[in-house]
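J.: Take a look at the letters that make up each chain.
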Amino acid sequence: MNNPVAVPPFANPDIATKRVIDHVNASLKRRYAAERRFRAMGLAAVALGLLFVTVLFVDIISKGYTAFQQTYIQLAISFDPEVIDPEGRRDPEALQGADYAKLIRAALKAQFPEVTDRQDLRALSAIMSPGAPQQLQHMVQADPSLIGQTQSVWLIANDDVDMVEKGQIDRHAAEADRRVDDRTLAWLDALSAQGQLKKGFNTGFFTTGDSREPELAGIAGALAGTFYTLLLTLAMSFPIGVGAALYLEEFAPKNRLTDLIEVNINNLAAVPSIVFGLLGLAVFINLFGVPRSTPLVGAMVLTLMTLPTIIIAGRAALKSVPPSIREAALGVGASPLQAQFHHVLPLAMPGMLTGAIIGMAQALGETAPLLMIGMIAFIVDVPHGFTDPATVLPVQIYLWADSPERAFVERTSAAIMVLLAFLMLMNLTAVLLRRRFERRW
Amino acid sequence: MSSWMPLLALLGVLALAYHLGRKRAVAAVGGPTHISALHSLPGYYGFYTALWAAIPALLILALWSGLQDQVVTSLVKAQLPTEMTRGMSEGQLGLLVNDVKNLATGKIVAGDASPEVRAAADHYARLKQIARIALWGLVLALALAGMSLAVNRITPELRARNGVERTVMVILMAFSSVAILTTLGIVLSVLFESLLFFQHIPWHEFFFGTEWSPQTALRADQVGSTGAFGAVPLFAGTLLISFIAMLVAVPIGLMAAIYLAEYAPRNVRSVAKPVLEILAGIPTVVYGFFAALTVAPAIRGWGEALGFTVASESALAAGLVMGIMIIPFVSSLSDDVINAVPQSMRDGSYALGATQSETVTRVILPAALAGIVGGILLAVSRAIGETMIVVMAAGMSANLTANPLEAVTTVTVQIVSLLTGDQEFDSPKTLAAFALGLTLFVVTLILNVIALHIVRRYREQYE
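Note that the protein sequences, when read in sequence, are chains S and V. For the first sequence, my numbering assigns the number 1 to the initial residue and increments by one for each residue that follows. For the second sequence, my numbering assigns the number 442 to the initial residue and increments by one for each residue that follows.
If we strip away everything but chain S, and leave its shape as in the complex, we get (with noise of 0.2 Å):
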């Protein structure tokens, strides 16, 4: 500054002339050019990203929303005695074996009778599902004095005729390049006309199980396996997470054990799923003998794999509760463990509850570790029990992506559906408890 040689800084006559405001005013016009760019990308980021939200909502519920219906057609039964029970007896087992099918197409010989070649036959036969059958002889075995009468009744269509009535094939494409070639649509559109042909409410969708045809295929069994493996799985993680944060929170010593715990929690809270799915099946399944594909063996994975959640949301949870609390209880000479579980427990179940909520709609998700324990075997009983084996909602949504009818693309969207809506509920009941619970000290 006092160095006498320094030029005063004025001498400069650009400087002079040209003072720092001038430089900033120069500056100005490309400076908030930048800004605006910049602005404009993070408004373009976070709208990529909500449409990307809207985009995958869309797609799944364009696709979904047809299988909540099913094509029914009305047949004319005849419920012929000669068919059904030759021998008169009314015999359980020989209504259980009967050959309902013949009456079927007795019933579409008897509709379209100009069809008399062979081939033709079968195909005609086709557009009835095979599980049409079935339906008669639910009825039949409900209520045998149907047998000798004659009843129209509406029955299952197979899944291509599904398929064109939802216009999912097209029908003015070139015969070889579709999979319902001229005289079906014929057949169809003579059904139609007849009012032989509707769209119902598809309810054998919530009531059967998995089925490799279809417009059989159900997720009652996904979702009795669901809410099994669900259920087990809070049974053991919610003692688990809420005893373990409790201790580590309140009780525990600070000192390297525990903090080998703390960190060992955190790291498994972002091992792959799919490494659980390694575990239970090296140590659940083959050391211990749990059997495979059970919702028991399922909630063991997904328990270990949404602890962490529980516990690191069940410590936060009693952070959030303010020591005067404890003091008071300790005052008034209660033990700790009064205190915890008379006082501080009740004061952080909101949060704990919120927690759990949260991991079970991570396990609900949860597909990865479960096809690793063999939950992904084809099942067409419905589960009654934690040792049946099961499959769930997401591993039947793989099951069904991976299969290759048309068809099943409608339902695996729909079981879709219905999985999301289980997770919102379970989010929203997670944000309401939150809300109305919440304290602040």
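Derived by calculation from the structure, the hints in this document are not laboratory data. Any given hint could turn out to be false.
Partial selection, computed: residues in chain S whose CB lies under 10 Å from chain V [what the hints assert, rightly or not]:
id: 1; residue: A45
id: 2; residue: V46
id: 3; residue: K63
id: 4; residue: L246
id: 5; residue: L257
id: 6; residue: I274
id: 7; residue: A282
id: 8; residue: T303
id: 9; residue: Q338
id: 10; residue: A401
Using C-beta positions, here's what the derived DEER-type ranges look like [unchecked claim]:
id: 11; chain 1: V; residue 1: F749; chain 2: S; residue 2: H384; range: 46 to 54 Å
id: 12; chain 1: V; residue 1: L452; chain 2: S; residue 2: T258; range: 44 to 52 Å
id: 13; chain 1: S; residue 1: Q338; chain 2: V; residue 2: L625; range: 52 to 60 Å
id: 14; chain 1: V; residue 1: L500; chain 2: S; residue 2: G331; range: 35 to 43 Å
Even for Gly, the Cβ is constructed at its ideal location relative to N, Cα and C.
Fit chain V to the known structure of chain S by using the hints.
T.: Just chain V now, with coordinates in the frame of chain S:
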């Protein structure tokens, strides 16, 4: 259901124990008016008695359930006629025993089973029945014995609360050790099977080999299925897809976080943030379906319109969708980090005349860099371990390529394909899945440890 009856009975005994313990304690001091003479509240005497009834019974139950299957199986094996088992290998014998068990539980129909197997199945079912009755008899007897022992020990001086609380503490400690045991279980199981694998296949061949075709010959005379376990194409495929995913997720996630944290009006933020987080809550199988049925055909269509050949299971489709999945992960972590930068730093920057974007890029981002890097590392670890999207949308063939339009396969895809379906447990093919799992676990663990360490250090810096 009958299998619930014994459990209900045990619960009944426990309830009875609580009731009796409580009653006995109250009676010991001469009625409810004198309970101040008791050391603990009456309920603790009830819990004390119930714990005495429950713990021995449950220990025996656990021990027995673990051993029963082995004992019964060996008894059944011993019962099988020797002319049937002679000359059988261990594996064949195991299959036979499996048949017997399946027959006994009605999983297969008895029609085509030989009379010996049927006899053995009957024997097995009978033994199981006996074992069940014996077990529950023993458990209930133990519970009752524990209960009466405890009831007789109750005096007003008995420190019931201390006993109960000590037990509860032990239980709590056991619960918190589950996390450690899980890690230990993962490491040991994966490591053990991997070591078996490396006995068949040298480790350098696995980590540096470039040929992956895990189909091993079932018969010695089969051609072309020698089995090659060079995992480099899988690692390359995993990295390629993760890289594409990060290319999508990092810019979008980071910019969205900056916009929401620094620019967005409060009401926009309160809507956009939860909506973006919906993406994080969608199950990965849904993304997989979306990738395989919507994105992959679309990319294929566009690619062909532009004159590229695109594989129907291109890495690009899987990577793009995985990127979408990770966006909320990056954005919410970055959001936390950006919000943690003190307001004084922003104010200082504005006071010097910086615009908002200059403040963000020159002050906030450098200050938040460590945290953001940590968040991105966590996101990478998630991308590497992601399974369902790649299982459904990426290919099965092990291509060593950097072209995102071709099909590649990943570590997780191969684990799933090696372990689903029927397989014998100790073939190199199955064990290879565990070696891949070990690699996956170690890599993600290292990423997580580094990332969590960075994020923690960052948080401490501004607290």
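J.: If a hint holds in the structure, say so; if it does not, say that too.
T.: Okay, the hints, checked on the actual structure:
This hint holds: A45/S has a C-beta 3 Å from the nearest C-beta of chain V, less than the 10 Å allowed. Taken as an interface hint, V46/S checks out: its beta carbon lies about 5 Å from the nearest beta carbon of chain V, inside 10 Å. For K63/S, the interface hint holds, the least distance from its beta-carbon to any beta-carbon of chain V being 8 Å, beneath 10 Å. For the restraint placing L246/S at the interface with chain V, the shortest Cβ-Cβ distance is roughly 6 Å, inside the 10 Å limit, so the hint holds.
Interface hint at L257/S: satisfied, since its Cβ lies 9 Å from the closest Cβ of chain V, which is below the 10 Å cut-off. This hint holds: I274/S has a C-beta 5 Å from the nearest C-beta of chain V, less than the 10 Å allowed. Taken as an interface hint, A282/S checks out: its beta carbon lies about 4 Å from the nearest beta carbon of chain V, inside 10 Å. Against a cut-off of 10 Å between C-beta atoms, the interface hint on T303/S holds, since the closest Cβ of chain V lies about 9 Å away.
Hint status for Q338/S: holds, given a least beta-carbon distance of 8 Å to chain V, under 10 Å. A least Cβ separation of about 5 Å between A401/S and chain V falls short of the 10 Å threshold, and the interface hint therefore holds. With their beta carbons about 52 Å apart, F749/V and H384/S fall inside the hinted range of 46 to 54 Å. Here the CB-CB span from L452/V to T258/S is close to 34 Å, at odds with the stated 44 to 52 Å.
Look at Q338/S against L625/V: about 33 Å separates their beta carbons, and that is not inside 52 to 60 Å. At about 38 Å, the CB distance of L500/V to G331/S agrees with the hint of 35 to 43 Å.
Hints 12, 13, counting from the list given before, are not met by this structure.
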